[in-house]
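Novice: For chain A, the structure is supplied; the task is to place chains B, C and D on it using the hints.
Next come the chains, spelled out residue by residue.
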Amino acid sequence: MAEQSVDAEARGWTRDEMMTVAAARELTSGTTCFVGIGLPSTAANLARATHAPDVVLIYESGCIGAKPDRLPPSIGDAILSRTADAVISVPEIFAYWLQAGRIDVGFLGAAQVDRFGNINTTVVGDYGSPTVRLPGAGGAPEIATSCARVIITLRHSPRSLVETLDFITSVGQGDGRDYRAKLGLPGSGPQAIITDLAVLRCDPETSEFVLVSVHPGVEIADVLAQTGWPLRVADHVGVTTPPTHDELRALRNFVGA
Amino acid sequence: MAEQSVDAEARGWTRDEMMTVAAARELTSGTTCFVGIGLPSTAANLARATHAPDVVLIYESGCIGAKPDRLPPSIGDAILSRTADAVISVPEIFAYWLQAGRIDVGFLGAAQVDRFGNINTTVVGDYGSPTVRLPGAGGAPEIATSCARVIITLRHSPRSLVETLDFITSVGQGDGRDYRAKLGLPGSGPQAIITDLAVLRCDPETSEFVLVSVHPGVEIADVLAQTGWPLRVADHVGVTTPPTHDELRALRNFVGA
Amino acid sequence: MVPEAQLMARFSSLRDAVAEHVHDGDTVALEGFTHLIPFAAGHEIIRQRRQDLTLVRMTPDIIYDQLIGMGCARKLIFSWAGNPGAGSLHRFRDAVEHSVPHPLEIEEHSHAGMATRYQAGASGLPFGMLRGYAGTDLASITPTIRWVTCPFTGENLAAVPALHPDVGVICAQQADRDGNVMMWGITGVQKETVLASTRSIVLVEEVVDEFSPRTNGVVLPSWVVDDIAVVPSGSYPSYALDYSLRASAFYAQWEPISKDLAQFGAWMDEHVLSTADHAAFLESLDPSLLGDLDG
Amino acid sequence: MVPEAQLMARFSSLRDAVAEHVHDGDTVALEGFTHLIPFAAGHEIIRQRRQDLTLVRMTPDIIYDQLIGMGCARKLIFSWAGNPGAGSLHRFRDAVEHSVPHPLEIEEHSHAGMATRYQAGASGLPFGMLRGYAGTDLASITPTIRWVTCPFTGENLAAVPALHPDVGVICAQQADRDGNVMMWGITGVQKETVLASTRSIVLVEEVVDEFSPRTNGVVLPSWVVDDIAVVPSGSYPSYALDYSLRASAFYAQWEPISKDLAQFGAWMDEHVLSTADHAAFLESLDPSLLGDLDG
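Chains A, B, C and D supply the protein sequences, listed in that same order. Residues in the first sequence are numbered from 9 upward in steps of one, following the numbering used here. Residues in the second sequence are numbered from 9 upward in steps of one, following the numbering used here. Residues in the third sequence are numbered from 82 upward in steps of one, following the numbering used here. Residues in the fourth sequence are numbered from 82 upward in steps of one, following the numbering used here.
Keep in mind that the hints were calculated from the coordinates and are not lab data. Any given hint could turn out to be false.
[Claimed, not checked] Okay, the calculated bits of chain D under chain A, using three or more residues with CB under 8 Å as the criterion:
1. 109-123
2. 143-153
3. 161-169
4. 209-216
5. 268-280
6. 324-334
Built from N, CA and C at the ideal position, the CB exists for glycine as well.
Just chain A, with the same shape it has in the complex (with noise of 0.2 Å):
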């Protein structure tokens, strides 16, 4: 469902804006926060930009506390590591900090996502012979295990919202129900996917993400016809309160836009 740019500068947003704003309102002032490369660092920033100052900002390049205040174009500027109050190893970041279960939140990508918020960023089509051949699992596998909770921001379309996985790189609610707890996952897994259309949040007894919230201008319907599974709906579904002026402001003031 392509943006029509005229519609971005009528409401004064655009529709990536809004997820990111989205995305940046689940993380809480004293948090510490797993940050990947793109629309993760993005809002993972914004949120320490606005209303949780003391978020706590851990890359997997071993930057633990980074206060970059222009977005960094990787994982490991030096923006990062100048600012940081401790830089370690790339071992000791997968092994003292996140298997430790030191990290509240992880913020995650997808290629794909399904229902249970299980992640492929492996591969389209078969292993073996794919049709398209992503980058592969980097630091989700474990960010997905030992996270207290994680977060899933990808833009909406059935291609990424999809019925089954052709692959699965990252577990997120597996099959539903316990599955974590009888694999004996530390962390509570996905809560949230937030995509450029709506939130959808983790149904704590059946483990299936269900639409919760739609972005303003944004229909159920819209919703349902961009996702790849029959999509359960909340009994009420609320509007994505807009982006705020200063969310905007800090936004933009940090991506250079």
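Specialist: Frame of chain A; chains B, C and D shown alone:
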């Protein structure tokens, strides 16, 4: 066999000095050496000050390439970290450096040693109700496991060179022959036992220690009397070269005598 | 191991920090490898008369000799118990050899084994492994040594369980005003101790506005530390690099004090029980024992 | 992994170091995590037309895209293959999706798994373990993921075999005249790479008389390094903290070049095969791509 100070004065050196000098001579330049406190540290630094300037001294406190100019009173002194090429954590020194097989020579002391160079530094008497509780293992078991070769230094007496150890803290040649290979121990184990009376070396076939050299003024019979097992004697027993003037000067300068 | 709410370490007095975090029956690790040994914290635990502690430390030295002699410890988990370069720990020996002041349970490992246990604890793994212990009697007397088989090569390796002390106590040179902590020089297993422990107390020499880069500089972010106590020379008679030198004279004079039970009791009474805090402890000592506290 | 005889790293040209240490069929790890990526060494491997390599790297990026596109690689062991922030690695994708220029065997892990494998290699252990992979399809398609059971708790943990590249190649900022090497800032798995590898090459920005303390300063003693090559801006278009800034423009312009096979070939010919060394490579580029080499 207590030493008469009058003998030492007549010779110009004590038996402890002879022991230290003989131990130092075991190190060649370009050797990496894992150094315990006390005599091993003195001997290794003596080697560095005399014939082996390029010996690399590694202390379990995490100091690699330490170059102290006076005897450090402990293995964690400021003089070691200030002069080291690299200072690292204790877990790293054992995992990345010792266990990885990067160290050529390990220098170990012992309360008791047996004919196969096995070492006790744990208890005299029964483990559950010991006559003397000794300090315990420290770094020795894995030094004995992983260094390419081990040199043991201790004062000679029937109470220290014993028929049967009260406790095996660190494995030498086990029960002899190819014991280490069968157990999968990577290093070759103890190759020399340097005492204040003599030098014993490991027989390559039986792995039993054999008297190969007595220090000046010591008779073979003295050594046999001071050894708690029927010590094998090499076909030709040499006399250890006495400490040279340069060795004594460097040693006394280093220990501040 | 800090809940989301507490993001900053708290600056406390050492007395308050010990009172809050160290309880009778706790497992307590006071770490420091020759350098940065938290003596002042051990003294405060003695002053507060803690009992039944399981003490953990790679190199129990004089401060553990004192804790054991004063009856604070039920059990000791360790790898080398001595007074380095100076003699024995006679209170430790008396406890093991003669159950004085009461029996002391011991669980002993090698240094490599203890370091691996702390690493496993800091890593959130249930165990760690190493190539060690094979052929030793340690494997038969220490139940926390078991074996695992490499699923690729079939090699047998020693397995040791993670350490998770209730309280980890270390010294560092500096804290900044946000409660981040920095230590440098020989840092031993101190980082792992804090990260493996449920609660942590860090003693620092001073609070600074900003850290400088240092050789082997290790920073612990504020949010993994519970309490910070500013205790100048808190590691005495050990040392803090760039702040003090090791007081070797103190180590040497401990041998006769430790050896004689009456002398030990009198010394502890005069210098620890009768002093209000670490500053008073230092004041109570013969100045010749103090060495160079300005490193 | 150095025999007793060679205690010092040797200062060599990058050409000689690659010629001596990198052979057809070798397993080669060029590591660097965004920062300090040894691009110049990858180019030299391409110039010397090495083939049949097993390439290892957590984050294969443009330099591995080039090595793969030029037909140097038989196999890739990795955890994330992309052009961070800029797009795909089309040469890598073409190899996997269409066997262009020839089939590429892949063995993929997560970052945590790769880091654990390097650590195990550096530690001389046959395998490492982590809490990971459970429930993923990685475990079923990657034969180097197996399982071990904790002998204390019964928990199942993922096991991964140690990495032992024939050659490890990294960049660092400085060497001293004795051949000790220092890097700082983000240091990734570079230390583990050198320690896990049989042979090692380190590219440095410059040789200094003495190292200064640095934030996260990591020193590799001379005797664990084989060859040191002084190659200013050797990590370009990656960066060396305090020497250069990352050339993001280069990363952005790679997307169209990589996408078009003919354009790729022409670019490699002009900028790599036709240049004698890294200085000539930098000279051959449009100055607008160079960014700030004085970071």
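Novice: Each hint should be assessed against the structure and marked as holding or not.
Specialist: Each hint, compared with the structure:
1. 109-123: holds (count 3)
2. 143-153: violated (count 0)
3. 161-169: holds (count 6)
4. 209-216: holds (count 6)
5. 268-280: Holds: 5 residues of the stretch 268-280 of chain D have a Cβ under 8 Å from chain A.
6. 324-334: With 4 residues closer than 8 Å to chain A, the stretch 324-334 of chain D meets the three-residue bar; holds.
Hint compliance for this structure: hint 2 is the single one not met.
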